[in-house]
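We have chain L already, so just place chain P on it with the hints.
There are 2 protein chains.
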Amino acid sequence: MADPQSSTFQGDLQDQKVAGYQSVLGVTHTQIATLPGFCTQSGHQFDQVDVAYQTLGALSPARDNAILVCHGLSGTAHVAGTDPQTGRPGWWDYHVGPGKAIDTDKFFVIGTNTLGGCNGTTGPSSIDPRTGKPYGMSFPPITVRDMATAQAKLMDHLGIEKLFAVVGASMGGMQALTWATEMPERVRVCVPIATCTAHNAMQIAFNEIGRRAIITDPNWNSGNYSENSLPAHGLAVARMVGHVTYLSEVAMAKKFGRRRQPIAEDPDQFSVESYLHHQGEAFVKRFDPNSYLYLTRAIDAFDLFQNAAPEEVLRRVHSRFLVVSFSSDWLYPPVQSRELVRLLKRSGIAATYINLEADYGHDSFLIHNPPFANVLKHFLAGEYAPNHEPRLAHLAPA
Amino acid sequence: MADPQSSTFQGDLQDQKVAGYQSVLGVTHTQIATLPGFCTQSGHQFDQVDVAYQTLGALSPARDNAILVCHGLSGTAHVAGTDPQTGRPGWWDYHVGPGKAIDTDKFFVIGTNTLGGCNGTTGPSSIDPRTGKPYGMSFPPITVRDMATAQAKLMDHLGIEKLFAVVGASMGGMQALTWATEMPERVRVCVPIATCTAHNAMQIAFNEIGRRAIITDPNWNSGNYSENSLPAHGLAVARMVGHVTYLSEVAMAKKFGRRRQPIAEDPDQFSVESYLHHQGEAFVKRFDPNSYLYLTRAIDAFDLFQNAAPEEVLRRVHSRFLVVSFSSDWLYPPVQSRELVRLLKRSGIAATYINLEADYGHDSFLIHNPPFANVLKHFLAGEYAPNHEPRLAHLAPA
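Line by line, the protein sequences give chains L and P. Residue 1 is where the first sequence starts when you use the working numbering, and the numbers rise one by one after that. Residue 399 is where the second sequence starts when you use the working numbering, and the numbers rise one by one after that.
In isolation and in its complexed conformation, chain L is listed as follows:
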């Protein structure tokens, strides 16, 4: 599976145009809810917060089939379906839709843009109501807990008291873990994917390189840039670093190797260089540099067991877990998921763990990945209606 050279390989939908790909969901719309504010962990009182969100499928009369999908660092509320403006599919369209891993025929799926982001939810590029100008770096420091709190406000707004599941990968996985530990009575099933309970030094280091590239770009100007003078170079370098860490060495070797992609200015350019340039430039068009700083700070600071021992934190958990990691993910290596599972099991929490063989690195969760889809689909179906669906029989071998 996931062979970047095979004709069936389909890269992630967020950053690439996958030829001929069309969402079966048709056009889906992202809305913005203006919600009651709250006090951040850093002590800032938001009078109100905007949360961009998308819903797919129908809420059951018992209101027991809602799945919150939490995106990674650069995702949006647009989880699946076709965006009416851009014509692009949602970032997880491979895995969310009728009959898919997260089955919109069965579940009511909610995608939200994270607090601190830049795609509709309140973040550094939003207007500060107190000044009438964008927050910029006067935006308060936020935490993963604050992100989950904003999501919870949206659930209140939608009348969803208890989620059937919170599913999230990477930064989204941290949000899922936060839901399960901080709002345990509101989550039946927790699915953290390719994530960890706290960044290690290397994860922090890569983020800091990106931040440094941004803040040393003269256009950054302490966060007070305009659309015409973005710190585009810094943000592009940050994204290039990100993309290398999202892929695996094997995937890069297969996808690019030492192939050349000559251009006038550089007749010896390697394909991998051209790929990274493109990714950097594309990101600048869709992401706010200050958001990049705030979100990476939040995930670097995230530490599920910072204030209490694991057994104490996990004692309050009610959810059952599916934990997924990918063999070639060196940014969020399987050892971090295994450690989480070890702690869950030690606390007597029902946890299914699978480390999927996949050569596409951290991005394995973003691409067309049938074994992953299969695991997710049957776990959710089995947990939702344990008596009606065979639960483990359909799990494909990894």
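Just so you know, the hints here were simulated from the structure itself, not pulled from any lab data. None of the hints are false.
Over 12 Å on every C-beta distance to chain L, these chain P residues come out as not near it, computed from the model:
| id | residue |
| --- | --- |
| 1 | P496 |
| 2 | A662 |
| 3 | A707 |
| 4 | R740 |
| 5 | S745 |
Pairwise CB distance ranges, derived in the manner of DEER restraints:
| id | chain 1 | residue 1 | chain 2 | residue 2 | range |
| --- | --- | --- | --- | --- | --- |
| 6 | P | I525 | L | D128 | 50 to 58 Å |
| 7 | P | Q704 | L | R346 | 47 to 55 Å |
| 8 | L | R259 | P | Q443 | 27 to 35 Å |
| 9 | P | H676 | L | G159 | 46 to 54 Å |
| 10 | L | R88 | P | Q659 | 36 to 44 Å |
| 11 | P | I661 | L | S60 | 50 to 58 Å |
| 12 | P | S627 | L | Q269 | 26 to 34 Å |
| 13 | L | N228 | P | H676 | 31 to 39 Å |
Cβ coordinates follow ideal geometry from the N, Cα and C atoms, glycine included.
Positioned in the frame of chain L, the structure of chain P alone reads:
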């Protein structure tokens, strides 16, 4: 070994001050030889080239004990001993000196600064004799082969027809491989360490991130910067990327973990961030940004078997080999060294290979590393006087 937390751990001498460390060699001097020029592979005719070098130990009457030591990307001719200006030990003082792995009581050791570098040898920051100004980006593109050619000119100058050994790690290992294949009659023993025969896509990608950071720094100014307006931010980011790739995840976890190092501007700063900032800033003081571009371009382009099949290239080799890799080196992973050894063996070349267990990543060759020193020492001693010294008996278990 190599436990970054233990009190006996000694980091690399090039970028850190190791408390209390003193070279037993005393003061050593770097000289500059102005040598006959040559035509680069790209077709540029140098009328002459300067090569900075250092010699340690004495050349034997038979002129058969010379070892050329080739540095990595950012090294200098100052291999060992104390620099009279800075008071700092040479970058490989752990391993070069009396009784050490490269024993200056026995061998005549030559360190040179690479062509394209910025520490005495002709490079982009040198004055172009045709214009009277620094070359900058008008410096011709250079190759690893050109670097070896400049070194060969120095050997001619020193009257050394045949080297006993060429030893090099990382970029230096590519130079060693080039000597063995392009000037086979001049090398008895070849010791490539933590290196490869061609960069893979990931190695190119990390270099390109560094280059991009430099050339998008407005101060770079197409390579025409002055000492007062260096593209310091870009070069610092490039170095930060480098440092993360030189370490291993395990070493970073041990060395920094999630420890904090608060400063006024950032009370939540992690130690690893402070380390990277420091490394970036220190590098700017000692390295030329244009050199960084030229050298990384050269090693990305290096491909030992680009123009002919391995068996054809290796048919001309006369040297015997010691190939060393380090278990935790993910920048130049052991698999690349194993592949080299496989090809050497297939061509009937005598090659000893050792993959040393070391948790310090690519930098394992730069630090105090007794198992590595032991392997190197006994291999060289055994090859130099095969009848007088036990050859394998002293090899410590890795």
